[in-house]
Structure formats: C-alpha cells, structure tokens
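Q: Read the sequence shown against the numbering used here and you will find it ends at 203, with the numbers running on by one and no gaps.
Source of the hints: derived by calculation from the structure; they are not laboratory data. In this text, a Cβ means the ideal position worked out from N, Cα and C, and glycines have one as well. Please note that a few of the clues may not be correct.
[Unchecked claim] Just the calculated beta-carbon pair ranges, DEER-fashion: (1) Arg-119 - Asn-160: 42 to 52 Å; (2) Arg-108 - Leu-156: 20 to 30 Å; (3) Ser-131 - Arg-181: 38 to 48 Å; (4) Glu-129 - Pro-177: 39 to 49 Å; (5) Trp-199 - Pro-179: 38 to 48 Å.
[As the list claims (entries may be wrong)] Here are the computed lysine-lysine pairs in the BS3-like style, where the Cα-Cα straight-line distance is at most 30 Å: (6) Lys-200 - Lys-50; (7) Lys-100 - Lys-50; (8) Lys-50 - Lys-101; (9) Lys-200 - Lys-100; (10) Lys-200 - Lys-101.
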Amino acid sequence: MLRSLTGCRPERGVSSPWYYRYGVIFLLLWIAGPATAWSAAQPFIVHHAKTSLYSGVWLVSAQIDFNLSEAALEALDSGVDLTISLQFRIDRVRRFWPDKKTATLEQRFVLSYQPLTDRYVVRNLNSGEQSSYATLYSALGDLGRVVDLPIIDAALLDSNDRYIVSMRAVLDQNTLPGPLRLIAFWSSGFRLESDWYIWKLSA
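Please model the complete structure; the sequences and the hints are all you need to start from.
A: This is the structure:
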C-alpha cells in the first residue's frame, strides 16, 4: 500500500524491530505469489518539467509527487535513511539513427527522521545543504519542487542540433541496510520510482 503526502506517520510504540516484521511480510508475499508481491500503484510521479536558459546554463524546474509505501514509511520511522535520486539525461535527436546520449546528471537527496526533535531532514548530497521540517508532508512537498536546477552548460551543446531531456525520480535501494536491501530486492515496497518524463530542450 502506498501512502500519499496527506497521510500521517505511523504511530510509534513498543514493538518488534521493523526488519523482523517486514521479514515476515516478505515471506508471506513470497508464499502468496509474484502478483501479490510485485503489485503497486505508481509511487513517484513527475507531473511536469520544463527547461530555461540563464547565463549560458540550462536549468530544469519540475513538480514531483512522492508517495511512500508502508514499508518505506516504517523503515523511515525506525531510523533508516532513504536516498532519493533525481536522474536526468540529455539526448541529441538524430533523424535516421537512435538518439545519442549527450549528458547525464544525478541529484541525490537523503530523507531522514530525527526522533529526538521529531523532525524530518532532507540533505542534498550534491551540495551538502540540508533543511529540517516539522512534518513528512512538508519534507516531501519541498523535495518535490525542483526550481532552476542546473543540468548542463549550453556551450557543450551544438546550437544546430535538437535535444530532448529525460527525468525520473528513484528510491536508491543500494543505500538501504543489508538485511533490508535483501527484502527490497523481492518486494515492491521499496521499488519506488517514476516513469521517465521526456520533453524537448527549449527555453
């Protein structure tokens, strides 16, 4: 099950560790069959994106909805950092051949919960900047607003060619703790990503 931004954080209390609970859930999903274990709604959605040119640099602005699964919420609430990657690629459009990849960019963020302050923190791994939020709704809402993110110097592109930009958001499973990463490999609860959003590079 996916929880939207308007959902509330699970109540905390005395219970068995989250990795034991989800280990049992993993076994139940495996016994029930692949259809149960892998079915999920679209967790991340890029609603719109656009580019602009400023001082010789191409910038991206976009709006993304992040819907975390119950498994991801449980892990976050138990102290597991979630790494979210915004991935970009720029391809040169060719008439008679497949488009040629020109450049790629990855912007990575870590979402964490701080129980002592009861706040959520989003840290930009590329710049080192971080922000603190009172609610998960605010943290994910701010994370989903991409404003004027530099992606490439215009001088690196041929002005006579046409280019397309592709963008998607992905939960990086490789940064999860070892036992949880094993569970995530089989369960859709941590397979959270958007479709590629593709548009023409233009100001």
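Q: Now, for every hint given, state plainly whether the structure supports it.
A: Hints, verified against the model:
no., hint, result
1, Arg-119 - Asn-160: 42 to 52 Å, "holds, 50 Å"
2, Arg-108 - Leu-156: 20 to 30 Å, "holds, 22 Å"
3, Ser-131 - Arg-181: 38 to 48 Å, "violated, 27 Å"
4, Glu-129 - Pro-177: 39 to 49 Å, "violated, 25 Å"
5, Trp-199 - Pro-179: 38 to 48 Å, "holds, 40 Å"
6, Lys-200 - Lys-50, "holds, 9 Å"
7, Lys-100 - Lys-50, "holds, 21 Å"
8, Lys-50 - Lys-101, "holds, 19 Å"
9, Lys-200 - Lys-100, "holds, 14 Å"
10, Lys-200 - Lys-101, "holds, 14 Å"
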